[in-house]
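Enquirer: Here is how the chains run, residue by residue.
2 protein chains.
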Amino acid sequence: MSLVIVGSLNFDTIETPQTRKEMIVGGSCSFAALSAGYFSPPGVVAVIGEDFPQEVITLFQERGIDTRGIERLPGKTFHWEGRYGVDPNQRETIRTDLNVFQDFDPELLPDYRKAEILFLGNIDPDLQESIHRQADGPRLVAMDTIRFWIDTKPEALRRVLGQVDVFFANDEEVRLIADKLNLIRAGRRLQELGPSLIVIKKGEHGALVMGRDFMCAVPAWPCENVTDPTGAGDSFGGGFLGYLDKIGSFGEEDVRRAAAYGSVMASFTIEDFGIERLKILSHEEIEARFDDFRKLASF
Amino acid sequence: MSLVIVGSLNFDTIETPQTRKEMIVGGSCSFAALSAGYFSPPGVVAVIGEDFPQEVITLFQERGIDTRGIERLPGKTFHWEGRYGVDPNQRETIRTDLNVFQDFDPELLPDYRKAEILFLGNIDPDLQESIHRQADGPRLVAMDTIRFWIDTKPEALRRVLGQVDVFFANDEEVRLIADKLNLIRAGRRLQELGPSLIVIKKGEHGALVMGRDFMCAVPAWPCENVTDPTGAGDSFGGGFLGYLDKIGSFGEEDVRRAAAYGSVMASFTIEDFGIERLKILSHEEIEARFDDFRKLASF
Numbered sequence: 001m002s003l004v005i006v007g008s009l010n011f012d013t014i015e016t017p018q019t020r021k022e023m024i025v026g027g028s029c030s031f032a033a034l035s036a037g038y039f040s041p042p043g044v045v046a047v048i049g050e051d052f053p054q055e056v057i058t059l060f061q062e063r064g065i066d067t068r069g070i071e072r073l074p075g076k077t078f079h080w081e082g083r084y085g086v087d088p089n090q091r092e093t094i095r096t097d098l099n100v101f102q103d104f105d106p107e108l109l110p111d112y113r114k115a116e117i118l119f120l121g122n123i124d125p126d127l128q129e130s131i132h133r134q135a136d137g138p139r140l141v142a143m144d145t146i147r148f149w150i151d152t153k154p155e156a157l158r159r160v161l162g163q164v165d166v167f168f169a170n171d172e173e174v175r176l177i178a179d180k181l182n183l184i185r186a187g188r189r190l191q192e193l194g195p196s197l198i199v200i201k202k203g204e205h206g207a208l209v210m211g212r213d214f215m216c217a218v219p220a221w222p223c224e225n226v227t228d229p230t231g232a233g234d235s236f237g238g239g240f241l242g243y244l245d246k247i248g249s250f251g252e253e254d255v256r257r258a259a260a261y262g263s264v265m266a267s268f269t270i271e272d273f274g275i276e277r278l279k280i281l282s283h284e285e286i287e288a289r290f291d292d293f294r295k296l297a298s299f
Numbered sequence: 001m002s003l004v005i006v007g008s009l010n011f012d013t014i015e016t017p018q019t020r021k022e023m024i025v026g027g028s029c030s031f032a033a034l035s036a037g038y039f040s041p042p043g044v045v046a047v048i049g050e051d052f053p054q055e056v057i058t059l060f061q062e063r064g065i066d067t068r069g070i071e072r073l074p075g076k077t078f079h080w081e082g083r084y085g086v087d088p089n090q091r092e093t094i095r096t097d098l099n100v101f102q103d104f105d106p107e108l109l110p111d112y113r114k115a116e117i118l119f120l121g122n123i124d125p126d127l128q129e130s131i132h133r134q135a136d137g138p139r140l141v142a143m144d145t146i147r148f149w150i151d152t153k154p155e156a157l158r159r160v161l162g163q164v165d166v167f168f169a170n171d172e173e174v175r176l177i178a179d180k181l182n183l184i185r186a187g188r189r190l191q192e193l194g195p196s197l198i199v200i201k202k203g204e205h206g207a208l209v210m211g212r213d214f215m216c217a218v219p220a221w222p223c224e225n226v227t228d229p230t231g232a233g234d235s236f237g238g239g240f241l242g243y244l245d246k247i248g249s250f251g252e253e254d255v256r257r258a259a260a261y262g263s264v265m266a267s268f269t270i271e272d273f274g275i276e277r278l279k280i281l282s283h284e285e286i287e288a289r290f291d292d293f294r295k296l297a298s299f
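If you're matching them up, the sequences are chains E and H in order.
Counted the way our numbering counts, the first sequence spans residues 1 to 299.
Counted the way our numbering counts, the second sequence spans residues 1 to 299.
Think of the hints as simulated: they come from the structure by calculation, not from any bench.
All of these numbers come straight from a predicted model, not from anything done at the bench.
Some clues are possibly wrong.
[As the list claims (entries may be wrong)] Examples of chain H residues lying across from chain E (beta carbon under 8 Å, computed):
#1 Gly-82
#2 Val-86
#3 Pro-222
[Stated by the list, open to error] Residues from chain E shown here face chain H by an in silico Cβ test under 8 Å; the list is partial:
#4 Trp-80
#5 Asn-182
#6 Arg-185
#7 Pro-219
All residues carry an ideal CB built from backbone N, CA and C; glycine is no exception.
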């Protein structure tokens, strides 16, 4: 294990125009870890309550994911409830019960500190910084965030940005943090703050990776049936970093391929609710879709 | 000349947050013809008033564009005024003076009728149909439209769609006509109406080409300075069809490359106001950017 992922394991209640799913397993860490697991099983750092299903932990273990960093605390697991519009890009948060996640302040296990790649999923930027400090000089540090932290902790967020190599964000977030409407200029501004790689996730429009001296555009898979967009971004991040961890090098060609695998993993996740698709996905399906992505993007 | 382009030659007054340009030359036919001209100079069909500058007609002729189909009528040239927001994707029409364009009802010249490729630019769908009827069995017929015709002449528009091979539209237009929110399903629905190729232009997100048995995603060029987005879509269409006319075959690989050249041409147009960039663009610049697009999209 040389990839460590920090994030949330939680329950999601998802409402779409077609259906409603109550208390299904989700969370940035679930999607990222399962996605990464197809390339290089990571160690995970998260907190769960007494009600989190042991079978999901068992699934992680069966996939080779190191679950020693998951702490089970008395009380209930973090629960998020959201509603998607007819347009699956439109999402509204109905309810957020942090529960045991409120006191999430993990101490990295000794061997986790030696991680080569550290993925600081979307949590309080102060917490991201404190976890990063415990790590013993990882080769690559990546972070994700959400609008909530941009609005409430802009200073802490910018400080953490100055300490990482890879920043995952959607186009709205990149524009907001940089305070620039042109996406490319916004990305360049964020690079000035620290990360050499800005990975801009654009939902149905794919992703744009901005390196210091190259850019890469990967499409999204043209999907006719978006069942549940939850976790697409986390699956992208997990696939991206899992692939880099498997390859062990972070050159331009590696990053391009990592972005394509990220988009591949996201394209599977949205085909079913929660982690259902990732539960049954095969390596053969991943490679076949990677080839299909290549055809899609070739000219 | 085996490509004929029907559309508008007009004056645009453009306001952006930075500046205002009054009465500059624009129009779907200007952008499409100049773009196509870099690959295979087309014949054009359009109407102008007494005030339209002869030097633009001369420019067309210098590029090998057949201008015999341009009719100069007594009165003023069509004039459109629009304003772009801080977000260049946000456009508002301030004023539309149709002037001589109001009576546009062209008769194709005898040799224009033998066009191999006919591009019916954005005009009244009834007019598109009447022009198409005059053509002598072109190998490929393409059309463009705008929201105005979707709202005011939906029946005529669907009828014309049933008679063409290629439909250029932006994502909003595709969703509107098909009455489906999922872009891929919307595109499939439009294919059922007739066109075997749906070319969906997505502005800063590039374009998606849906064929009967293949799809192709081309990125937009990551542009740091969008000076004037006017004409990007028409330049795309002109580059796309000009390339196909030059190649003379319409297979999958040809279409993929045509889409990339379309995106290349659009990326140049938006770098300056109106047709300014297309006035000075070189073949070397086009080929260099095509190569850059290939690098951008490779993984």
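Enquirer: So, for every hint listed, does it hold in this structure?
Expert: How the hints compare with the structure:
Interface hint status for Gly-82/H: violated, as the beta-carbon distance to the closest one in chain E is roughly 18 Å, over 8 Å. A hinted interface residue such as Val-86/H counts as satisfied when its beta carbon comes closer than 8 Å to some beta carbon of chain E; here the least separation is about 6 Å, so the hint holds. A hinted interface residue such as Pro-222/H counts as satisfied when its beta carbon comes closer than 8 Å to some beta carbon of chain E; here the least separation is about 5 Å, so the hint holds. Hint status for Trp-80/E: violated, given a least beta-carbon distance of 24 Å to chain H, over 8 Å.
Given hint, Asn-182/E at the interface with chain H, holds; its Cβ is 6 Å from that chain's nearest Cβ, closer than 8 Å. Interface hint status for Arg-185/E: upheld, as the beta-carbon distance to the closest one in chain H is roughly 5 Å, under 8 Å. With a least beta-carbon distance of about 4 Å to chain H, the hint placing Pro-219/E at the interface is held under the 8 Å criterion.
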